[in-house]
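These protein sequence lines are chains U and G, in that order. Residues 1 to 324 in my numbering are what the first sequence lists, from first letter to last. Residues 1 to 240 in my numbering are what the second sequence lists, from first letter to last.
Simulated from the structure, these hints should not be mistaken for laboratory data. Bear in mind the structure is a predicted one, so any value in this text is a computation, not a measurement. Ideal placement from N, C-alpha and C gives every residue a C-beta, glycine not left out. Take these hints with a grain of salt, some might be off.
[What the hints assert, rightly or not] On the chain U side, residues computed to face chain G include the following (Cβ under 8 angstroms):
(1) Gln25
(2) Ile27
(3) Gly138
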Amino acid sequence: MSSFMTVDHPGLLSLVVDKERLGFQNIGISAGGPADHYSCHWANKLVGNDDILPCIEVVGDGAQFTFSDDCTIAITGGTSEIRLNHAIHPSWQNFQIKSGDRLQIQNSALGIRHYIAVCGGLTVEPIFGSATAVTRDGLGGQRGDGSAVSVSEKLAYKCKQFPWALHAPKQAIIQAHKSLCIDLVMGYQFDKFKPSGRQQFFSNNYTLTPNSSRMAARFAGSPILSPSDPILSEGIAKGALQIPPDGLPIVMLADRQTVGGYPKLGSVTSHASDLLAQACAGSEVQFNPIDFQLAHNKLNLKHVATQRLYSECEANRRKAEYLS
Amino acid sequence: MGAFEWCVASENSIILYARQGSLAQRNEQIRLINEILLEKNELWLIDTVLAYDSLLVQIDPLQIDFFALKQAVDLLLDNTKISAHARSFPKSSETAPGQIKILPVWYRAPVNNDLARVAKHHSISVDEVIARHTAEVYQVYCCGFAPGFAYMGETDLSIAMPRLNTPRKKVPKGAVAIADRQTAIYPNESPGGWNILGLCPYELFDRDSSPPTRLNVGDKVKFEEIDQKQYQMLLAKGGT
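Next comes chain U alone, as it looks inside the complex:
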């Protein structure tokens, strides 16, 4: 009999996520993957998983799970507090779980998505190289058909323990922002937009709307003029910012379709995609144009900073071990 976590309540939406499903975009299969890659990677790191392994992405409040056997878990993402049995703990650290323990995700002050990782990962059959659930494609997840996690479903895990206590350094924890400055890498049809339209776009404030999802972030605000020449459908990168005929931006996220024919000003950075995935409806967004080289510099610096935080987390653990 394997170990499993029983879903007592899935919150607003709980999905199995895994690393991106790559190599099949050419036959129309979406990449998927965690909406907030950064937080998801941290959750895995805190339970000793080197890379992203199948774990749970939870949206909203009230998700509740019961564990059948001992294991090590970590919760990251937007949530500020979690309830383990009846005690309240901060998130962004790992916990040793005992058989029968009950986990509840509390109100989220920092963002809308939370990640629950288990040491060794959830035992979910990969399909096309990943277990990540993409509902629109009908692929991945516990049942293999892209469906969300539902009440009383049992999610199997290896009964593995990571014996050391780890917590993310304070600087690693994502912050809540009601107003965001989003870096946009200029590209695609950027030059086809009228200069006045581009200027207007970068000086406007946009409001994130409630019909945003894992597929795309949608915005309200003052529309800009989209180029009228039709373009042939082409590959959509993660973060691609489309301007459909109504003139309002749509940022394509993890579960985006592989190709599309709307003109694009470029793409927001991966860091920005993570921020948008955590932002709640009503957040104010301003876009900041950057070029490919600057984007690379920022990405490299961010990568180095994250690696340093991982090391710090490890070093703290060793120090604590030594002192005990």
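Got chain U sorted already, so can you dock chain G onto it with the hints?
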């Protein structure tokens, strides 16, 4: 203008465009570049997305910087010009050159059918719409939108149709549809804005098959009219 252009798409991708020749030629050039890239399998290559006349190339920005990437792409495009004539196509698909995949269609199927509207739009009869849709040999230019969805072109100008003003919330599985000068089959029930002409009984995506898609870029395809009885028979056979 050169045969190829490329530009930045995102922090970790660039997009290449073929700019010379007919759509079929441009598509062939793009497929060639895709094959060369996949064959080379450089450490920095993550994935590609092939479309009509473009190729989105996703890279690992921790493995290559802008300048090295620019050099690699320029070299690739130079090589492509040279080897374009030396290669034969298609390779990525199962169809041997000259072989045509036949897809049966039950036109006039009573499902939100737009045949009459298309006929009226062009002041021709419904029979004429069907005749023109079945007359052409189409090429698969791109797979996307959903797993197994193949964009085929180009339809006769005399049946070209704009997309619906308001997309339908539900297009039935197997719906054969047209938009502009493209035609496609919806592999599964989904929302959609194309004009529906009929139903195809075939499964277009089977996760357990290899390849999992019935139609692949470069394939040549022709539609053939069947009646309700034939449709139901083929459907009962499991759409194979």
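Hint check results:
no.: 1; hint: Gln25; in the structure: holds (5 angstroms)
no.: 2; hint: Ile27; in the structure: holds (5 angstroms)
no.: 3; hint: Gly138; in the structure: holds (7 angstroms)
Checked against the numbered hints listed earlier, the structure breaks none of them; every hint is satisfied.
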